[in-house]
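Asks: Use the sequences and the hints to build the structure in full.
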Amino acid sequence: MGKRPRSTTARPAPALSTDRVRVEVEFDKPQLLGSLFGQYDQHLIALEGQLGVYISARGNRVTIEGQADAAARARDVLASLYQRLVHGGSVDAGDVLGAVSIVDDPSLDGLSAADGPSTAVIRTRRKTIVARSPTQVRYIEALARDNVIFALGPAGTGKTYLAVAQAVSQLISGSVDRLILSRPAVEAGERLGFLPGDMKEKVDPYLRPLYDALYDMLPAEQVERRLASGEIEIAPLAFMRGRTLASAFIILDEAQNTTPLQMKMFLTRFGEKSRMVICGDPNQVDLPNPGASGLADAVMRLQGIEGIATLRFSSREVVRHPLVGRIVDAYEGPPQDA
42 MGKRPRSTTA RPAPALSTDR VRVEVEFDKP QLLGSLFGQY DQHLIALEGQ
92 LGVYISARGN RVTIEGQADA AARARDVLAS LYQRLVHGGS VDAGDVLGAV
142 SIVDDPSLDG LSAADGPSTA VIRTRRKTIV ARSPTQVRYI EALARDNVIF
192 ALGPAGTGKT YLAVAQAVSQ LISGSVDRLI LSRPAVEAGE RLGFLPGDMK
242 EKVDPYLRPL YDALYDMLPA EQVERRLASG EIEIAPLAFM RGRTLASAFI
292 ILDEAQNTTP LQMKMFLTRF GEKSRMVICG DPNQVDLPNP GASGLADAVM
342 RLQGIEGIAT LRFSSREVVR HPLVGRIVDA YEGPPQDA
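The sequence shown begins at 42 in my numbering and counts up by one.
No lab work stands behind these hints, which were simulated from the structure alone.
Using N, Cα and C, we set each Cβ at its ideal position, and we do this for glycine too.
Honestly, I wouldn't trust all of these hints.
What the hints assert, rightly or not - Beta-carbon label-pair distances, calculated as ranges:
#1 167 to 343: 30 to 38 Å
#2 90 to 215: 42 to 50 Å
#3 288 to 69: 43 to 51 Å
#4 262 to 218: 44 to 52 Å
#5 146 to 214: 23 to 31 Å
#6 72 to 104: 18 to 26 Å
#7 347 to 216: 18 to 26 Å
#8 93 to 288: 28 to 36 Å
#9 261 to 169: 12 to 20 Å
#10 169 to 372: 31 to 39 Å
#11 250 to 75: 29 to 37 Å
#12 257 to 110: 35 to 43 Å
#13 168 to 218: 40 to 48 Å
#14 261 to 134: 22 to 30 Å
Replies: In structure tokens:
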């Protein structure tokens with residue numbers, strides 16, 4: 042990996058004042074430092090920008106200079122990311138920003154400690170998914186603990202992706218026998234007749250994001266085999282009526298586009314040894330009457346019931362390109378004058 046010139050021939054660091062400290066961290070596996078620092082030290086640069094510290098690296102030793110609290114947080118982030126690499130994971134720019142946000146959350150104290158990998162992890166056949174935001178940490182914990190989980194927030198926060206990852210992990214381990222993925226096939230009414238083809242051809246375009254997540258978690262041949270055997274089922278919401286889904290992990294995506302009656306129908310499909318995740322963005326309702334969303338109605342009715350968790354993501358936790366979060370904020374705020 043290329044390094045910034047300052048990593049080896051370091052430019053002068055800011056003089057230490059009485060309220061600034063210098064922290065040194067030594068890593069015992071130098072072969073991992075290229076991945077830890079990033080190409081041309083882009084991960085260190087991002088960490089500097091986020092925390093207002095100065096970082097220099099020489100050999101397997103990193104020096105962090107800055108305010109005491111910021112320097113300690115930078116040390117914890119580097120230690121956490123290094124442990125991820127030690128345990129076979131990978132690190133990209135999004136992981137760096139996610140680790141900063143997790144370290145900054147006092148309620149998650151110790152989660153990113155240097156003595157082992159993060160507990161907020163989902164392992165599948167093709168990849169290991171690690172939480173990138175404080176709400177993702179709590180979401181992963183809820184996915185492993187609660188029977189029904191509502192995940193609310195804008196696109197790009199990992200709601201559906203993490204739910205599919207947990208479902209695949211439980212299917213592989215044998216905790217559930219089936220994985221059922223559903224969403225309203227057509228926003229605002231599921232009127233499929235005008236589309237060409239048979240039912241599968243009509244609904245597949247609307248279910249494509251669920252397929253994409255599956256192929257990220259499992260080898261393609263396993264996805265195809267499990268789809269053919271019925272272990273994995275992807276179906277429009279209308280196909281859930283009249284069923285009792287036992288020993289299954291059931292995910293409803295785009296739930297903001299259900300009516301209250303549809304949501305009640307879906308929730309009452311719950312069977313023994315099952316887990317149910319309902320994902321949606323309350324600010325993106327495509328129903329003719331946005332106030333009639335079954336998602337908002339269900340969250341209001343079911344709050345406080347034991348075994349049901351509700352997680353709320355914000356635009357600050359978008360894990361796609363940072364620009365996506367700013368776009369979400371712009372659309373949710375008042376329009377700007379031209």
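Asks: Has the hinted range 30 to 38 Å been met by the Cβ atoms of residue 167 and residue 343?
Replies: 34 Å, holds
Asks: Go ahead and decide if the range 22 to 30 Å is satisfied by the Cβ distance of residue 261 to residue 134.
Replies: The hinted range 22 to 30 Å holds for residue 261 and residue 134, with Cβ atoms some 28 Å apart.
Asks: Do the beta carbons of residue 90 and residue 215 sit within 42 to 50 Å of each other?
Replies: 45 Å, holds
Asks: Is 18 to 26 Å right for how far apart the beta carbons of residue 347 and residue 216 are?
Replies: This hint holds: roughly 20 Å between Cβ atoms.
Asks: Between residue 257 and residue 110, does the beta-carbon spacing fit 35 to 43 Å?
Replies: 37 Å, holds
Asks: Verify the CB-CB distance for residue 261 and residue 169 against the hinted window 12 to 20 Å.
Replies: 19 Å, holds
Asks: Is the hinted range of 18 to 26 Å satisfied by the C-beta distance from residue 72 to residue 104?
Replies: At 20 Å between Cβs, range holds.
Asks: Measuring from beta carbon to beta carbon, are residue 168 and residue 218 in 40 to 48 Å?
Replies: Hint violated: Cβ distance 23 Å, outside 40 to 48 Å.
Asks: Indicate whether the distance between the beta carbons of residue 288 and residue 69 respects the range 43 to 51 Å.
Replies: At roughly 45 Å between Cβ atoms, residue 69 and residue 288 fall inside 43 to 51 Å, so the hint holds.
Asks: Taking 23 to 31 Å as the stated bounds, is the beta-carbon spacing between residue 146 and residue 214 within them?
Replies: The hinted range 23 to 31 Å holds for residue 146 and residue 214, with Cβ atoms some 29 Å apart.
Asks: Hint says 28 to 36 Å; check whether the CB-CB distance for residue 93 and residue 288 agrees.
Replies: 51 Å, violated
Asks: Does the Cβ pair residue 262, residue 218 satisfy 44 to 52 Å?
Replies: Violated: the Cβ-Cβ distance is about 20 Å, outside 44 to 52 Å.
In terms of the numbered hints stated before, the structure departs from hints 4, 8 and 13, listed from lowest to highest.
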